[in-house]
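Residue numbers (numbering that gives the first Met the number 0), protein chains in the order written: chain A, 0 to 352; chain B, 0 to 352; chain C, 0 to 352; chain D, 0 to 352.
These are computed hints drawn from the structure, not numbers from a lab.
It is possible that some hints are incorrect.
On the chain B side, residues computed to face chain C include the following (Cβ under 8 Å) [what the hints assert, rightly or not]:
no.: 1; residue: Tyr14
no.: 2; residue: Ala24
no.: 3; residue: Leu46
no.: 4; residue: His50
no.: 5; residue: Arg171
no.: 6; residue: Leu173
no.: 7; residue: Ser184
no.: 8; residue: Ile241
no.: 9; residue: Arg242
no.: 10; residue: Pro347
no.: 11; residue: Pro348
no.: 12; residue: Ala352
Derived DSBU-like pairs: lysine-lysine, alpha-carbon spacing no greater than 35 Å straight-line [as the list claims (entries may be wrong)]:
no.: 13; chain 1: D; residue 1: Lys142; chain 2: C; residue 2: Lys113
no.: 14; chain 1: B; residue 1: Lys261; chain 2: A; residue 2: Lys113
no.: 15; chain 1: B; residue 1: Lys274; chain 2: C; residue 2: Lys113
The C-beta atom is built at its ideal place from N, Cα and C for all residues, glycine as well.
There are 4 protein chains.
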Amino acid sequence: MTEKVRVAIVGGSGYTGGELLRILAVHDKVEITMVTSREYTGKPITLVHPHLRGFLSMNFTNFELNKVGDKADVIFLALPHGVSLHYVPKLLEMGLKVVDLSADYRLKDPNLYKEWYGYEHPYPDLLKKAVYGLPELHREELKNTSLIASPGCNATATILALSPIVKHGITRELRFVSDVKVGSSEGGAKPHEGSHHPERENAIRPYEADGHRHSAEAEQELSILAGKPVKVSIVPHAVSNIRGALASSHAWIDDENIDELKIWKLIASFYTGNKFIRIIRGGIHPYPDPKYVIGSNFADIGFALEKRVGRLTVFAAIDNLMKGASGQAVQAFNIMMGFPEDSGLRIPPLRPA
Amino acid sequence: MTEKVRVAIVGGSGYTGGELLRILAVHDKVEITMVTSREYTGKPITLVHPHLRGFLSMNFTNFELNKVGDKADVIFLALPHGVSLHYVPKLLEMGLKVVDLSADYRLKDPNLYKEWYGYEHPYPDLLKKAVYGLPELHREELKNTSLIASPGCNATATILALSPIVKHGITRELRFVSDVKVGSSEGGAKPHEGSHHPERENAIRPYEADGHRHSAEAEQELSILAGKPVKVSIVPHAVSNIRGALASSHAWIDDENIDELKIWKLIASFYTGNKFIRIIRGGIHPYPDPKYVIGSNFADIGFALEKRVGRLTVFAAIDNLMKGASGQAVQAFNIMMGFPEDSGLRIPPLRPA
Amino acid sequence: MTEKVRVAIVGGSGYTGGELLRILAVHDKVEITMVTSREYTGKPITLVHPHLRGFLSMNFTNFELNKVGDKADVIFLALPHGVSLHYVPKLLEMGLKVVDLSADYRLKDPNLYKEWYGYEHPYPDLLKKAVYGLPELHREELKNTSLIASPGCNATATILALSPIVKHGITRELRFVSDVKVGSSEGGAKPHEGSHHPERENAIRPYEADGHRHSAEAEQELSILAGKPVKVSIVPHAVSNIRGALASSHAWIDDENIDELKIWKLIASFYTGNKFIRIIRGGIHPYPDPKYVIGSNFADIGFALEKRVGRLTVFAAIDNLMKGASGQAVQAFNIMMGFPEDSGLRIPPLRPA
Amino acid sequence: MTEKVRVAIVGGSGYTGGELLRILAVHDKVEITMVTSREYTGKPITLVHPHLRGFLSMNFTNFELNKVGDKADVIFLALPHGVSLHYVPKLLEMGLKVVDLSADYRLKDPNLYKEWYGYEHPYPDLLKKAVYGLPELHREELKNTSLIASPGCNATATILALSPIVKHGITRELRFVSDVKVGSSEGGAKPHEGSHHPERENAIRPYEADGHRHSAEAEQELSILAGKPVKVSIVPHAVSNIRGALASSHAWIDDENIDELKIWKLIASFYTGNKFIRIIRGGIHPYPDPKYVIGSNFADIGFALEKRVGRLTVFAAIDNLMKGASGQAVQAFNIMMGFPEDSGLRIPPLRPA
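Could you build all of it, start to finish, from the sequences and the hints given here?
This is the structure:
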């Protein structure tokens with residue numbers, strides 16, 4: 000048996016951290032050597048993640064930059080936006096590989112950080128080196144990188160829905176509304192007014208509806224595919240689910256010759272060979288529903304065409320903590336390490352759940 | 000004290016029937032004289048509607064067309080589509096007033112029945128006489144009618160969202176996607192595969208996504224307002240709520256001079272004087288959310304403009320069983336009868352719920 | 000028309016405050032003259048209670064003890080435990096009537112405050128004057144009091160379940176387990192770790208399982224009824240609902256002669272004439288379920304007897320914010336003021352919800 | 000690599016069938032060779048179980064008793080109660096091993112079938128041979144059986160909660176109330192009135208409260224442990240969850256010398272060496288909650304002692320489809336086959352979910 004890769008998780012007390020732990024604790028090529036948390040240093044991991052009792056007996060440690068090199072080969076950063084920023088160059092210098100789940104290295108154009116995140120990005124060169132961790136679009140680059148910028152969940156769903164369409168340029172214009180419905184775990188593990196159960200349950204609550212940050216990365220990726228500027232307006236809505244995100248990406252198609260079969264072929268061929276993409280069409284459940292990917296790394300893609308008015312909607316359903324965050328991060332990590340892409344991710348969705 | 004109006008509810012065992020009962024049982028100008036149900040004839044109403052114990056001690060009766068004239072002045076028909084169709088002309092002939100909650104008399108153009116509902120409408124003249132029961136658009140006509148065709152819930156939300164916009168013609172084109180999220184009560188009181196709790200809870204499930212029937216009535220009403228053809232593509236999604244519907248109606252605006260203030264004024268002025276419309280802007284809850292209208296007849300209207308790409312979304316939040324069905328039916332009934340429009344409807348929403 | 004009673008609500012930003020506002024805003028004998036909130040002073044009430052838009056246009060004010068006498072005849076105190084304590088004697092001295100929703104004046108024996116709440120009660124005389132605001136047990140005393148100590152929700156459900164049983168002494172011993180299931184609104188409007196939606200939804204979480212404070216008031220009331228000491232162990236469980244509490248109060252009955260009919264008669268006769276108690280037996284919904292009292296002031300009472308082993312369970316279902324808090328407070332207030340007991344409370348439950 | 004065991008699942012379209020498929024599709028010692036369904040014969044398994052797309056490409060077949068011997072070594076029967084009854088002896092005669100998830104072979108005393116299930120059991124000899132498939136109580140017997148009678152979910156939770164207590168005889172009497180809260184998946188995959196989403200969601204609904212069938216098997220197992228008759232009254236309540244069951248098993252302890260530490264030791268030592276039992280005590284989550292076992296085969300056991308009144312509650316939290324059904328069936332199957340007990344079951348719970 001080959002030696003296992005030593006993995007450290009920085010920021011392990013949140014939901015994406017917990018989800019990395021759930022996956023990596025039973026990943027046969029990984030040894031978790033360190034899990035850090037400022038708030039819970041010295042406390043058992045299972046104090047915060049009670050579901051992992053029986054899987055992990057470690058304690059959280061403090062994150063000490065100069066010691067992590069002895070302990071780990073790969074670092075997963077599951078930190079709030081802006082916190083990973085200065086760790087990344089130092090970790091890379093120490094010869095470590097980095098998977099960053101924050102937005103800090105997702106955008107290629109440094110100006111976009113000013114526009115969308117309100118700060119000047121101090122490492123524009125690293126932005127070029129980072130690979131946007133969506134394997135369906137960047138598999139080859141992931142094989143040769145040391146820095147993965149793992150995508151945002153609403154962006155993942157939107158990009159996966161629109162990529163085949165944008166690639167083939169079949170819509171009236173390259174401008175889209177992606178109406179996204181997401182569960183409460185997307186907001187992270189810290190309680191706040193909006194996450195208070197009596198307020199959050201039964202909500203159908205639009206938020207950041209005048210401009211959602213994930214639009215920037217979605218536009219970046221789709222514009223590359225199209226070879227010209229694409230505009231995407233992501234309109235997220237908080238719904239009652241804990242997990243799950245559905246992007247309903249709407250477009251107008253005025254070409255009379257486009258029919259359902261053509262769109263199906265175009266989507267199916269675009270994703271050929273991608274294990275975590277399932278194309279949904281017909282049957283009892285004719286459209287994607289996040290309900291049927293819960294706990295797994297799948298993205299289910301489907302569509303509806305209302306020819307009468309020329310409206311096309313492509314749906315992408317993901318588990319926001321898996322394909323929308325930690326699952327996708329492990330998928331990209333597997334590729335970077337030369338492991339089978341689905342190592343540790345052969346997890347069937349949970350149903351009913 | 001003036002005499003009360005005698006009201007019969009035909010089809011009283013379903014959810015819209017139950018909601019009519021909840022309202023009318025404490026409506027000070029109404030006496031409920033008959034509630035019919037084929038399935039539960041002879042059984043206490045509270046067997047089916049256990050929440051109404053203490054309010055109604057009647058039994059369900061069978062519906063006998065020739066006897067209802069002696070018992071009631073106004074008939075509410077809470078029946079499946081197609082069942083009201085032949086009752087209506089007979090009830091009108093008997094001198095009764097009718098509030099029909101089905102789709103059978105909503106569309107003015109008989110051809111649309113063939114296209115959307117698959118049958119030839121046998122009473123095209125009555126279609127002309129029927130008033131589409133959306134008080135915000137047809138208040139004056141409602142005062143002088145004997146036949147109210149009460150709107151569908153997804154149509155109500157969509158029409159209320161888009162009316163001010165369409166009226167002023169500020170969008171790039173008169174073609175809209177109305178992405179609607181709805182609770183499970185919309186599907187009625189009969190269990191089916193899709194309503195089974197383990198399948199329905201946690202769903203974010205698109206349905207009738209290639210053409211939803213309510214588009215027909217929405218297009219009819221919006222085209223009247225615009226004075227030219229309007230196209231609306233309603234894309235409904237079943238979400239976990241029991242009650243509530245949110246229409247997120249998306250449009251492109253390429254006019255650089257349009258800003259948030261203009262849109263707000265335009266919406267606010269359109270709805271001036273309408274008691275059941277609340278315009279939402281700013282504050283802790285800056286957008287409409289059906290959560291805050293539950294149990295009430297309100298429609299909360301708000302919007303978001305993403306100027307960067309020219310995307311406008313108008314949101315309308317309703318309780319699908321109230322403003323989306325029975326509440327609106329009583330509101331229109333009040334107008335028809337000359338009662339204060341909010342008689343029996345001064346019900347604050349329930350929160351948290 | 001007679002003049003309305005002027006009411007002030009102190010602590011109006013929480014859930015019990017909001018629920019008082021929902022009821023009193025449409026109560027025909029009440030004028031709300033002041034609503035206080037330390038945190039939201041000067042802000043519109045509807046900022047915090049968005050559902051009440053259209054019903055209340057007032058702002059929150061600060062609570063100034065010496066001014067409240069000019070503004071109000073009756074004060075509802077919807078404050079955390081321990082905060083009402085010192086206000087009450089001063090408000091009474093000013094000639095005001097007080098309805099206190101906290102636990103501060105519920106217990107007759109001052110020693111119990113030390114045992115259960117950890118403080119020495121400074122006004123033992125007032126404890127004697129206060130009337131425990133459960134109308135089904137203290138209706139006559141409520142007519143002649145100026146100080147109502149409104150019961151806790153888990154206590155209300157437990158007392159209503161066990162009163163008829165305890166009164167007739169039919170159980171093996173006067174010791175009971177009351178297994179209570181409650182919704183998240185019981186914890187109030189302030190977010191905390193345990194109320195965070197991803198943690199709270201889908202929980203079936205026992206809490207305070209080694210001794211719940213409401214046991215003290217339940218034992219007090221039941222001991223009075225029994226004429227001897229009664230022991231009640233309340234074991235609360237947080238479940239997914241927002242509203243609702245079900246007490247399943249378990250007892251052993253070894254008397255072979257007791258059957259279902261006897262128990263039914265005993266419960267039904269105990270509650271004769273109580274408008275807000277509904278006895279549930281048989282039918283499609285043979286046991287109480289909080290689902291069918293949501294939004295209303297009803298307590299539904301039913302039972303199950305497993306003769307095989309001699310186990311009796313009495314169930315009481317309430318809406319924890321209504322009969323378990325604000326609804327019951329208004330009911331007791333109505334009695335104190337000589338109004339019809341159901342003034343402002345003729346609200347049918349919401350269903351489905 | 001050794002050859003895999005060939006497994007057939009009879010009745011594969013329901014929830015326990017689906018859960019067996021989810022586990023066995025990635026179980027490294029199992030090959031699924033046949034999945035039967037009367038209703039869906041010839042249809043893809045993923046039509047009914049959309050979550051398994053990508054894992055199983057087989058179709059459902061009809062169940063033909065005389066052919067199954069060629070196809071499989073072990074048969075899982077996931078059929079309604081009474082349907083397995085006559086299959087079992089024939090399958091055993093054919094030399095197959097059988098895991099029956101129904102109640103048909105759980106009870107040792109044939110008279111109990113008449114009492115609780117209403118039929119005369121035709122194979123009393125087989126009842127003796129069958130092993131009740133709770134590994135924590137019958138591990139050794141499971142190693143040498145060909146017929147496993149897999150326990151019911153409410154019984155599993157109740158037995159696991161009470162076993163250590165009953166074994167040590169520390170309670171006042173051997174009579175218990177087990178107040179169980181369960182999710183909707185327990186009712187199976189067929190829609191019915193009570194499972195209709197608007198009725199089922201937000202329910203806290205007692206059912207079979209005057210005698211629940213699982214009491215029979217719980218009493219059987221606990222009586223064996225105690226060496227004398229034990230009485231258990233299971234009182235189930237349907238709550239909003241899809242998955243999860245919590246048994247709160249209540250008892251009186253009048254022995255003053257019993258304290259928390261003693262009870263903890265007694266429970267912990269009883270379960271020593273059992274991988275799927277986790278003892279819960281202290282921390283942020285001091286009591287078991289089914290929320291933290293979802294999707295896994297764990298049973299979390301904890302307790303609360305209210306010394307003041309002598310009340311002990313032992314809590315057991317399980318996923319009703321896993322440790323309460325299919326997970327436990329696979330655990331027992333592993334033991335019967337000589338596989339590691341956790342083969343295919345090293346699945347961490349999903350959180351948050």
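Can B/Tyr14 be said to touch chain C, with a Cβ gap under 8 Å?
holds, 7 Å
Let me know if the C-beta of B/Ala352 comes in closer than 8 Å to any C-beta of chain C, holds or violated.
Holds: closest Cβ of chain C sits about 6 Å from B/Ala352, inside 8 Å.
Under the criterion of a CB-CB separation shorter than 8 Å, is B/Arg242 in contact with chain C as hinted?
holds, 6 Å
Measuring from the C-beta of B/Ile241 to each C-beta in chain C, is the shortest one below 8 Å?
Where the cut-off is 8 Å and the nearest Cβ of chain C is about 5 Å from B/Ile241, the hint holds.
Does the closest beta carbon of chain C sit nearer than 8 Å to the beta carbon of B/Pro347?
holds, 5 Å
Can B/Arg171 be said to touch chain C, with a Cβ gap under 8 Å?
violated, 32 Å
Pair hint outcome, B/Lys261 versus A/Lys113 [Cα-Cα no greater than 35 Å]:
holds, 28 Å
Hint B/Ser184 vs chain C: min CB-CB distance below 8 Å?
Hint on B/Ser184: holds, closest Cβ of chain C at ~5 Å, below 8 Å.
Between D/Lys142 and C/Lys113, does the CA-CA distance stay at or below 35 Å?
Roughly 57 Å separates the two Cα atoms, so the pair is violated.
Residue hint B/Leu46, partner chain C, criterion CB-CB below 8 Å
Check passed: Cβ of B/Leu46 comes within 5 Å of chain C, closer than 8 Å.
Minimum Cβ distance from B/His50 to chain C below 8 Å?
At about 4 Å, which falls below the 8 Å cut-off, the nearest Cβ of chain C leaves the hint on B/His50 intact, so it holds.
Quick check on the hint: B/Ala24 CB to chain C CB, less than 8 Å?
Check passed: Cβ of B/Ala24 comes within 6 Å of chain C, closer than 8 Å.
Going down the numbered hints, you'll see the structure goes against 5, 6, 13, 15, while the others check out.
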